[in-house]
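Participant: On the provided structure of chain R, position chain P as indicated by the hints.
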Amino acid sequence: MAERTVIVKNVTMEFNMVSEKVDSLKEYFIRMFKRQLNFTSFKALEDVSFDVHKGEIFGIVGLNGSGKSTLLKIISGILKPTKGSAEVVGTLSPLIELGAGFDPELTGRENIYLNGSVLGYSRRFMDSIFDDIVEFSELENFIDMQIKNYSSGMQARLGFSIATVVKPQILICDEVLAVGDFKFQKKCECRIQELMSGNTTVIIVSHSIKQIRELCDRVLWLKDGKVVMVGETEEVCDMYIAG
Amino acid sequence: MHSIMTTFLRYRFLLGNLITRDLKVKYRRSFLGILWSMLNPLLIMLVLNAVFSSLFKAAKIDNFPLYLISGQTLYSFFIEATNGALTSVVDSSALIKKVYIPKYIFPLEKVLFSFVNLLFSLVAIFVMMLIYGVKPAFTMLLIPVPLLSMTMFAMGMGLILATFCVFFRDIRHLYSVLTTAWLYLTPIIYPMELLGDGFISKIVKYNPLTYYISYFRNVALFSTLPTLEDNLFCFGYGIVFTIIGIVIFKAKQDRFILHI
Chain R
32 MAERTVIVKN VTMEFNMVSE KVDSLKEYFI RMFKRQLNFT SFKALEDVSF DVHKGEIFGI
92 VGLNGSGKST LLKIISGILK PTKGSAEVVG TLSPLIELGA GFDPELTGRE NIYLNGSVLG
152 YSRRFMDSIF DDIVEFSELE NFIDMQIKNY SSGMQARLGF SIATVVKPQI LICDEVLAVG
212 DFKFQKKCEC RIQELMSGNT TVIIVSHSIK QIRELCDRVL WLKDGKVVMV GETEEVCDMY
272 IAG
Chain P
4 MHSIMTTFLR YRFLLGNLIT RDLKVKYRRS FLGILWSMLN PLLIMLVLNA VFSSLFKAAK
64 IDNFPLYLIS GQTLYSFFIE ATNGALTSVV DSSALIKKVY IPKYIFPLEK VLFSFVNLLF
124 SLVAIFVMML IYGVKPAFTM LLIPVPLLSM TMFAMGMGLI LATFCVFFRD IRHLYSVLTT
184 AWLYLTPIIY PMELLGDGFI SKIVKYNPLT YYISYFRNVA LFSTLPTLED NLFCFGYGIV
244 FTIIGIVIFK AKQDRFILHI
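Sequences listed follow chains R and P, in order. First residue of the first sequence? That's 32 in this note's numbering, and the numbers climb one at a time after it. First residue of the second sequence? That's 4 in this note's numbering, and the numbers climb one at a time after it.
Among the clues, some could well be false.
Stated by the list, open to error - Okay, derived cross-link-like pairs now, DSS-like style, lysine-lysine, Cα gap no bigger than 25 Å in a straight line: (1) R:Lys179 / R:Lys214; (2) P:Lys60 / P:Lys205; (3) P:Lys100 / R:Lys40; (4) P:Lys100 / R:Lys74; (5) P:Lys255 / R:Lys74; (6) P:Lys208 / R:Lys57; (7) P:Lys255 / R:Lys114; (8) R:Lys40 / R:Lys111; (9) R:Lys198 / P:Lys100; (10) R:Lys74 / R:Lys241; (11) R:Lys40 / P:Lys138; (12) P:Lys100 / R:Lys111; (13) R:Lys111 / P:Lys253; (14) R:Lys257 / P:Lys100; (15) P:Lys208 / P:Lys63; (16) R:Lys254 / P:Lys63; (17) R:Lys241 / R:Lys254; (18) P:Lys60 / R:Lys179; (19) R:Lys40 / R:Lys65; (20) R:Lys111 / P:Lys255; (21) P:Lys27 / R:Lys179; (22) P:Lys100 / R:Lys179.
Just so you know, these hints were derived from the structure itself, not from any lab.
Pulled out of the complex, with its shape left as it was, chain R reads as follows:
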């Protein structure tokens, strides 16, 4: 049996849904006084369990609101599950919405270091891979320009370059392969396959079944927060499309 890098066990995530979010002290007291502080709870994930093996490309499919992003957030440690546990062995690099850590006032160069440190890497390590990041992003001429003057495609390219050049042991992609022009998209896909051969585990969430079929080894299908099936790509994709 293959080595496991992500172990998700009986994860349940419950949210308190309020019809109107109370985020001020004034509102809170008014509502407490009027006894309107009732919550309805909503289960975004219910008893989800699965493993991801080392070095595989693991896809997650499901309709909007089926809990895919919540699941990724739990794996990355951003959300704590209400019940159950998610264990990750190794360093993890999230690619959720590229460039979230960019500061528009800083230059591309400064942002590479900032973003690297957001991902928890040291200065020495960032120094050693700086040139590779710039080269892969093809932004040599713009690297000392403030990010606020970048186009969104340029920002996305820089973000993708940082997240993948650091060679994480686990890479998480949430609908991000649709960045840049078709040429850069091809480059991204090549890079993902390259990372894979270098023993990186990749978890992909995508609505593009074509992309999932091309890239993934195994697929998880989520529906209303529950696992419908986990298995070989072709099998799951066929069932998913069938309904």
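Facilitator: Relative to the frame of chain R, chain P by itself:
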């Protein structure tokens, strides 16, 4: 404990980067750059001195302008640090929602950033001390004591405020009222002796900021050795508030993500 240390070491580069970012963003666009942090207290001192020096003439404070600039600078440091920490978590929501980062990094960064600014402002105070001919004294070696214990106090307050701000955004309006009251209840402009010994003077006396500011003035301006009580109160407030801050922040931090 061990894992807390390893996480902190892993993210210290981030901490450094965030502080440099704030410094760059603050000073990049201004002509006078870092000089502003030094000029600002000087200018405020001039204004306060012009208005209040005749008013408090009877109290006979030595070097009244120095009395003003030291109180004003330390007070501003505290306000800047806690206000920064207050919104730090909410302002970093874009990042917190996407990447795992230990969340205390954000309030800690704001407090340290204000501390760096304080160091620039201290240069202005030292220049003024030279101009006014304050003689070097051994007590000046104790200057770091009030500064460090005050930073701990600011850190504790910052953690508490940051936590509350996640759940109740209007806390910042309440806090601005509190800081205004705090300004008047701290002997920044007026001398302690003028208060007599009523109820208000008790509040002013046990106000943590009073301890830090008078400690600083005693060792830097008046070459007076601090008493044991001064030391106990300075560190006491610092340690107690830091612990309360950590406990509150730690208890609530997993729920932050649901509210930002």
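Participant: A separate judgement is required for each hint: does it hold in the structure or not?
Facilitator: Results for each hint:
Distance restraint check for Lys179 (chain R) and Lys214 (chain R): the Cα-Cα separation of roughly 24 Å lies within the 25 Å cut-off, and the hinted pair is therefore satisfied. Pair hint Lys60 (chain P) plus Lys205 (chain P) holds up; C-alpha atoms about 24 Å apart against a cutoff of 25 Å. Taking the CA atoms of Lys100 (chain P) and Lys40 (chain R), the gap is about 22 Å. The hint holds against a cut of 25 Å. Restraint check for Lys100 (chain P) and Lys74 (chain R): satisfied, since their Cα atoms lie roughly 19 Å apart, inside the 25 Å limit.
Only pairs whose Cα atoms come within 25 Å are accepted, and Lys255 (chain P) paired with Lys74 (chain R) is accepted, the gap being roughly 21 Å. Between Lys208 (chain P) and Lys57 (chain R), the direct Cα distance comes to roughly 32 Å. Violation of the 25 Å bound is thereby established for this hinted pair. About 17 Å separates the Cα atoms of Lys255 (chain P) and Lys114 (chain R), which keeps this hinted pair within 25 Å; it holds. With a C-alpha separation of about 13 Å, the suggested pair Lys40 (chain R) and Lys111 (chain R) falls inside the 25 Å cut-off, and the hint holds.
Distance hint between Lys198 (chain R) and Lys100 (chain P) is fulfilled; the C-alpha atoms sit about 22 Å from each other, no more than 25 Å. As the CA atoms of Lys74 (chain R) and Lys241 (chain R) are separated by approximately 30 Å, the hinted pair breaks the 25 Å bound. The suggested pairing of Lys40 (chain R) with Lys138 (chain P) is violated, with an alpha-carbon distance near 68 Å, which exceeds 25 Å. Of the supplied pair hints, the one linking Lys100 (chain P) and Lys111 (chain R) holds, its CA atoms being roughly 12 Å apart against a limit of 25 Å.
Pair hint Lys111 (chain R) plus Lys253 (chain P) holds up; C-alpha atoms about 13 Å apart against a cutoff of 25 Å. For the hint linking Lys257 (chain R) to Lys100 (chain P), the alpha-carbon distance of about 23 Å falls within 25 Å, and the restraint holds. Note on Lys208 (chain P) and Lys63 (chain P): the hinted pairing holds, with a Cα-Cα distance of about 20 Å set against a maximum of 25 Å. Distance hint between Lys254 (chain R) and Lys63 (chain P) is unfulfilled; the C-alpha atoms sit about 78 Å from each other, more than 25 Å.
Taking the CA atoms of Lys241 (chain R) and Lys254 (chain R), the gap is about 19 Å. The hint holds against a cut of 25 Å. About 53 Å separates the Cα atoms of Lys60 (chain P) and Lys179 (chain R), which puts this hinted pair outside 25 Å; it is violated. A threshold of 25 Å between alpha carbons decides the hint, and for Lys40 (chain R) with Lys65 (chain R) the separation of about 41 Å lies outside it, so the pair is violated. Between Lys111 (chain R) and Lys255 (chain P), the direct Cα distance comes to roughly 12 Å. Compliance with the 25 Å bound is thereby established for this hinted pair.
Between Lys27 (chain P) and Lys179 (chain R) the CA atoms are separated by roughly 15 Å; this keeps the pair inside 25 Å, and the hint holds. For the suggested pair Lys100 (chain P) and Lys179 (chain R), the alpha carbons sit about 21 Å apart, so the restraint of at most 25 Å is met.
When each numbered hint is compared with the structure, violations occur for hints 6, 10, 11, 16, 18 and 19.
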